[in-house]
Amino acid sequence: MSTDLSDVATDTTFPPPSLVRARLPRQATLIVGVLALALAVLGGPLLTGASWYSVPFVAGLLLVVLLPLWSLQVEGRRAAVDRLVTLLVTYAVTLALVPLVWVLAYTVIQGLPAINWAFLTKDQTTTLDPVTFKQMPGAGVLHAIVGTLLITLGATIISVPIGLLTAIYLVEYGAKSRMARIITVLVDVMTGIPSIVAGLFAVALFTQFGSVGTRIGFMGSVALSLLMIPTVVRSGEEMMRLVPADLREASYALGVPKWRTILKVVVPTAFGGILTGVMLAVSRVIGETAPLLVAVGTVDYMNTNLFSGRMQTLPVFIVSKYKQGADLLELAWGAALILVILVMVLNLTARIIGKIFAPKTGR
Amino acid sequence: MAKSIDVSDLNIYYGDFLAVEGVNMTVKARSVTAFIGPSGCGKSTFLRSLNRMHEVIPGARVEGKVVVDGQSLYDPSVDPVAVRRQIGMVFQRPNPFPTMSIYDNVLAGKRLNAKKVKKSEADALVEKSLRGANLWSEVKDRLDKPGMGLSGGQQQRLCIARAIAVEPEVLLMDEPCSALDPISTSAIEDLIHELKSDYTIVIVTHNMQQAARVSDDTGFFNLKATGEPGHLVEFNPTKKMFTAPDNDATEAYISGRFG
Ligand SMILES: Nc1ncnc2c1ncn2[C@@H]1O[C@H](COP(=O)(O)OP(=O)(O)O)[C@@H](O)[C@H]1O
Ligand SMILES: [Mg+2]
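So the sequences go chain by chain: L and Y.
Going by the numbering used here, 324 is the number at position 324 of the first sequence; the sequence numbering is gapless.
Going by the numbering used here, 149 is the number at position 149 of the second sequence; the sequence numbering is gapless.
By construction, these hints were calculated from the structure, which means they are not laboratory data.
All figures in this text were calculated on a predicted structure; none of them were measured in a lab.
Treat the hints with care, as some may be off.
As the list claims (entries may be wrong) - If you anchor each label on the Cβ, the simulated ranges turn out as follows: (1) Y:P38 with L:L95: 53 to 61 Å; (2) L:M179 with Y:G70: 38 to 46 Å; (3) Y:R93 with L:V108: 48 to 56 Å; (4) L:P113 with Y:R93: 58 to 66 Å; (5) Y:K224 with L:M179: 55 to 63 Å; (6) L:D82 with Y:D16: 45 to 53 Å.
To be verified - Keeping only pairs whose Cα atoms sit at most 27 Å apart, straight-line, the calculated DSSO-like set for lysine-lysine is: (7) Y:K3 with Y:K239; (8) Y:K196 with Y:K239; (9) L:K258 with Y:K140; (10) Y:K128 with Y:K3; (11) Y:K140 with Y:K118; (12) Y:K140 with Y:K116; (13) Y:K116 with Y:K145; (14) L:K258 with L:K176; (15) Y:K240 with Y:K28; (16) Y:K3 with Y:K196; (17) Y:K28 with L:K264; (18) Y:K145 with Y:K115; (19) Y:K28 with Y:K116; (20) Y:K65 with Y:K28; (21) Y:K239 with Y:K28; (22) L:K264 with Y:K118; (23) Y:K145 with Y:K239; (24) Y:K116 with L:K264; (25) Y:K140 with Y:K110; (26) L:K258 with Y:K115; (27) L:K258 with Y:K118; (28) Y:K224 with L:K355; (29) Y:K115 with L:K264; (30) Y:K140 with Y:K128; (31) Y:K128 with L:K264; (32) Y:K196 with Y:K65; (33) L:K264 with Y:K145; (34) L:K355 with L:K264; (35) Y:K224 with Y:K240; (36) Y:K119 with Y:K145; (37) L:K323 with L:K122; (38) Y:K196 with Y:K140; (39) Y:K119 with L:K264; (40) Y:K128 with Y:K115.
For each residue, glycine too, the CB sits at the ideal point set by N, CA and C.
Build out the structure end to end from the sequences listed, making use of the hints.
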């Protein structure tokens, strides 16, 4: 390809430096890709009547065989292996992304028809039509949206202080002490508790105070916080460990006590990362169903009191509509879409706030 | 303002590892004292023991006495935080706070300690400190920009401004120029000359010419052998040190024959 370079090389009296190698054309991957696709279409659906679904697989297989072979002929072994591995890695990424995009797209397609003004502003209370005296089923999920937001907020308010203080202890005070190691192990164990166990724990805990069968929103918050705390501890710990020791020393050298250094230097420097960790934890629990089913229950009307009475939440709403039958499935999908949107909005907000507070390089 | 420091029989440990052994010296007030010596002989360690920054490292401890103006720093009743307010420190690598603007970095000593400062006083303090650090004219139009956006030399002078804004009595500097270009280095050396009239300055340097240029007294640290603790070989006025040192090892080091 690079003819000018090899010309220069032959002009010199010294033996040409062996930097110049035969290379495939720049669009080699594209060329072979198109070829593979054409072959797959021809040899598949067109000639043998195979399913169209086979095309991507056959084309992908052809590409991953043909391109390295061609490369082996022209460029040699190392380049061929490089191309093969590049392709395999790309396939892996695509494979990981496909289900994600699929689920999102499917949720949007299924959920969008359900979403209208009533869906977003009404609850599920059955009303009596004043004209026809027919019972009208409720049309909205506002009570579930509010319930999910309140219960998750409650869980966040419980877990962020506990989680962050634990992380601070582990990073700044515990160092390598036995206590710190025990806590780390416990947090790891906590990461693995099944969510239903957290729900049952909340039930058992509150049964000590109330009567059997009590279900209130706050119990759900407690259950969810059990699931959130380990994530908050872990991410907070990692983020605070990333804060350079230099900054702590700079602060100490100004005569700032340790606790103020942590509060005013370490935590603000790690703030963006800590926030991201908290949001991850929130995203993890906002779709939890089992613990809320046992701890909070389900109702059809709006209840905004976290400390009294059952509440509805989006995941539990989805489950109950799913159970009630095919004609209510649309409501379930609508609620699922709203749940996904909630998570996305929370994540985006966290990202934006994190950017604002991220350490500024000024460059 | 400035204070003298008397060190007697100081042993400095990292856990069980004795890093520096048996140091005796007197750092004079309103003067510049330089420490030279090969890498790993404990200059930084010794410097950090002068404002109780050493014990920030887990397991680190000190035996012996450091007396500043008649007060023993390692007395059990002494609060290390109070010590550090009087004895400031500038580090080898510039370390401005990344979340703060230039202005806030200078005020960090006050702000982080939750001292209420009036806006006018704060402005005056920032200007005075930045002027003191020879940085004012370069940054006066962008005080609200992040401190991390400055060049390495400017960042180091910002750190000096931050250190003198808390009005310490003593300023410790650990190789403050080792990451800087010659021009920034000379700016900081000029600054050290000026600061000398108000502060007691102790500076660690790898650069013998720098020690000769800026200091009044010089201490030479060395290792007896690898694995042995570092110790103070010779402590004398800089003039004498660089012309007629008492110790052969000092002469060898200064003339570049080893180390
Ligand atoms: N944080 C630390 N923990 C354990 N040993 C250390 C630590 N810092 C320095 N040391 C040891 O103390 C000795 C002196 O180091 P240092 O004071 O940094 O030397 P210098 O500043 O003269 O190059 C060296 O042997 C070094 O390995
Ligand atoms: Mg050092």
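Need the list of violated hint numbers for this structure, in ascending order. 5, 9, 17, 19, 23 and 28
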